[in-house]
Amino acid sequence: MRNGDHRPSYVIVILFALLSLLLVACGDVVDQVEATPTPRPAQTSQGAGSANGQAARSPTIIAIRPTDIPPPPPPTPTARSTRTPLPAGAATVAVPAITDVMVEIPAGTFSLGNDNSDPNEAPAQQMDLPAFKIDAYEVTNADFADFVQATGYQTYRERQGSQQNWRWAYKDGKDNHPVVFVTFDDAKAFCTWAGKRLPTEFEWEKAARGPKNFLYPWGNTYDATKFNGKDGGLRQTTSVGSYPANGYGVFDMAGNVKEWVDSPYLAYPGSSYKDPHYNASYRSIRGGGWFDGAKYVLSTNRNGGDPKITANDDIGFRCAK
Amino acid sequence: MKKKLLLISLMIMILALTLPAVTVLAAPPTQSGGQDYVIVADDWLSKLADKFLGDILSYPAITYYTNQKNAEDSSYAKIKNSDEIEVGWKVYIPSKEEADAYFKKQVSNVGAAGGIKIGALAPLSAPGSVTGGTAMKAAFEIALDEINAAGGVLGKPVQLVLVDTEGLPERGTAAMERLINQDKVVGVVGEYHSAVGLTAKEVAHANHMPTIFAETWNDKITSVEYPEVFRIAPVSSEVAGVDAHFIQSLGVKSVVIMTENTGYGIPAAEETTKRLADLGISATTFSADLGTQEFSSIIERIKAANPDLILVLLTGETSYNFEEQAAEAGIGPQDVKMICNQVADDSDSFWTNVPDGKNCFYRRVGLPRALYTDATKAFVAKYTEKTGKTSAESYAMEAYDSLKLMAQAINEAKSTDPDAIISALEHISYNGALGTITFPYGTHNPIPAGTDAKWWHQFPKPAITMVQYQEKGQSSADAAVVFPDAYKTADPILP
Chain X
1 MRNGDHRPSY VIVILFALLS LLLVACGDVV DQVEATPTPR PAQTSQGAGS
51 ANGQAARSPT IIAIRPTDIP PPPPPTPTAR STRTPLPAGA ATVAVPAITD
101 VMVEIPAGTF SLGNDNSDPN EAPAQQMDLP AFKIDAYEVT NADFADFVQA
151 TGYQTYRERQ GSQQNWRWAY KDGKDNHPVV FVTFDDAKAF CTWAGKRLPT
201 EFEWEKAARG PKNFLYPWGN TYDATKFNGK DGGLRQTTSV GSYPANGYGV
251 FDMAGNVKEW VDSPYLAYPG SSYKDPHYNA SYRSIRGGGW FDGAKYVLST
301 NRNGGDPKIT ANDDIGFRCA K
Chain E
1 MKKKLLLISL MIMILALTLP AVTVLAAPPT QSGGQDYVIV ADDWLSKLAD
51 KFLGDILSYP AITYYTNQKN AEDSSYAKIK NSDEIEVGWK VYIPSKEEAD
101 AYFKKQVSNV GAAGGIKIGA LAPLSAPGSV TGGTAMKAAF EIALDEINAA
151 GGVLGKPVQL VLVDTEGLPE RGTAAMERLI NQDKVVGVVG EYHSAVGLTA
201 KEVAHANHMP TIFAETWNDK ITSVEYPEVF RIAPVSSEVA GVDAHFIQSL
251 GVKSVVIMTE NTGYGIPAAE ETTKRLADLG ISATTFSADL GTQEFSSIIE
301 RIKAANPDLI LVLLTGETSY NFEEQAAEAG IGPQDVKMIC NQVADDSDSF
351 WTNVPDGKNC FYRRVGLPRA LYTDATKAFV AKYTEKTGKT SAESYAMEAY
401 DSLKLMAQAI NEAKSTDPDA IISALEHISY NGALGTITFP YGTHNPIPAG
451 TDAKWWHQFP KPAITMVQYQ EKGQSSADAA VVFPDAYKTA DPILP
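Listed in order, the protein sequences are those of chains X and E. Under the numbering used here, the first residue of the first sequence carries the number 1, and numbering increases by one thereafter. Under the numbering used here, the first residue of the second sequence carries the number 1, and numbering increases by one thereafter.
Hints listed in this document are in silico derivations from the structure and should not be mistaken for laboratory results. Just so you know, not all the hints are guaranteed correct.
Heads up, simulated DSSO-like pairs for lysine-lysine below, C-alpha to C-alpha not over 30 Å straight-line [unchecked claim]:
{"hint": "1", "chain 1": "E", "residue 1": "Lys156", "chain 2": "E", "residue 2": "Lys472"}
{"hint": "2", "chain 1": "X", "residue 1": "Lys274", "chain 2": "E", "residue 2": "Lys377"}
{"hint": "3", "chain 1": "X", "residue 1": "Lys188", "chain 2": "E", "residue 2": "Lys51"}
{"hint": "4", "chain 1": "X", "residue 1": "Lys308", "chain 2": "E", "residue 2": "Lys96"}
Throw the hints in and build the complete structure from the sequences for me.
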């Protein structure tokens, strides 16, 4: 193939057409909409159609029972056909989503913070939160492609003309890898479109620590085999859900990608520590990424960045509601 | 709705068959070079270097390329200190190839491979003093030739690994770490800028690496009393004393000190101010970053201060910028008494950059010509032949001596063991271009009570004279020695 000649083969075109026909048969169609992201039609219970006739995706809500009862088996992503991102502005077709799986985190107190790590994590304290739901998986490239295809949305990096944007990271076979190179604003736009929101910092930590308030999603002892981080040696993102879920059934709360949360990067209540980076206009980032080690993947570890312009190769997100 | 989807599918098929480059299955854009990255709260550059380049010591390449980008696009950060980065800064992460190219440019290996490696530090690019660094490099090469011609050290040839420090403190750390951890040198010599020496000495100490600093004047280089650190350059506070007494001899009452905002400049200005105050002379200090090119606003303020004398504690080419701009503004050395920076000793470079520099005074470290030893004469002869200059600058002599001194110490130690080299240096008596170098105080002879700690591992007798260009275009070899009286060859010409 000559440089710049990326025309698909006729076989692929025919497969594409067949796929479209299949989608028609399933009744799963997507209108092209304006570039400005708007909330996706509300999703109801499993299999129910939405008001405009679209077949809604099927979010699975997993109710978490008290801690003395073993958690249910974690949800497993269904297979998604491999695809590559469409260029901006191209005609689009819908591909079934697979990661729209949410976990319900019950109301109640949990232990927030850590007195034995970085000072920005202190003081450890009990925090009471109402029930909420959080995505079991980090938002994937394929998820984000759905959003972009449906809305025409352009990320900050794309608007800046940067080649290094989410499409660049979305290479063949990376449908189920977490989307990266997205700003907080990009992440928020996605969640809004999906009828969700970004989790708060407290919600994120509660969901990460699981029903037993562990320091890591799997327990209180560092284990490099339990997540995609620096010591695992992968040195890149991997498919979401590749490592065991925590006690709530939430995946990848350590490593793979750091995650935007919707809280200003400021001191915790009761803290007198003055991190020079604290700034009410910044947003917290949690969970550590694919090149982080023990300290940075603690469920209590805190990071922060400029929400408008920070879009790196190890920052993604998940939604809550 | 179903019709609409079918229509879309058909359109895609048609587009795919007809448009040559619009792609449905487009490959990701190819990425040339590195990538942009925005700093978050828990980042530091060495962590990014580890992540993207596979080596925590590669962070200077990130600093370098980011600053290169900044020169053309202000959306990139300007990194003045690699240890001080801010959330939200956009930096450029070079590709591995770009980083390798950068380090290849920074490091030159001189001498046969496979021998004993000695590391050397010198500023070979801006904002460091390129003039100073280039002179030092030539002097290192002369010393290396002599060492290897005499059989090397411990019967093996010496390979010199010279690293460009750019005059930047963070480069001092990185360069020293590289020499120790990557190049596995047995000793380190050289450097021009105190700001670099101050950081490099910490790495030398942490790694127990014998190090001889050549032209770094800050008192703390030696006053911290690190077992590994030696110095053959003068101590800044002693130089301040010479400056103060020379200024007093001119009958001056008020001085403006134009200093650089570095680990050399600020303490040197403070020490000089104190020494002048003791002599009843007032001083006002202005500071600027190393590498500053535009001094007009500072010069206006200096004119307003109306000093009797201007003392330039900017180093390298930055001093040239100031001195010529001051002359153009009517407060140059022909208008106001001015002690220029010692880099003026490179007369070719000085007159090229400061054509209005007649009457500049400047300090010269090293033996006055009347007292040159055979070793001094031999070095100057080789140096002038190699460089085409008419004389050898003090920092060239210091660079030459630092390497020869290290080689002699290793030979006398009969080992590359750091403790053995350190012990050999403490007991050494070396005859070189600067005279006979010894280190009276160290672990072998602790500093007595009442004696300043700056004399630890310090060559106590680097001669300091004040000279003056009394003719436009004059060679430094012909510059008049005007202070102290013992070495005086002419009276100073005053505006």
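How the hints compare with the structure:
For the suggested pair Lys156 (chain E) and Lys472 (chain E), the alpha carbons sit about 48 Å apart, so the restraint of at most 30 Å is broken. For the suggested pair Lys274 (chain X) and Lys377 (chain E), the alpha carbons sit about 60 Å apart, so the restraint of at most 30 Å is broken. Using a Cα cut-off of 30 Å, the hinted pair Lys188 (chain X) and Lys51 (chain E) holds, with the two alpha carbons roughly 27 Å apart. Of the supplied pair hints, the one linking Lys308 (chain X) and Lys96 (chain E) holds, its CA atoms being roughly 28 Å apart against a limit of 30 Å.
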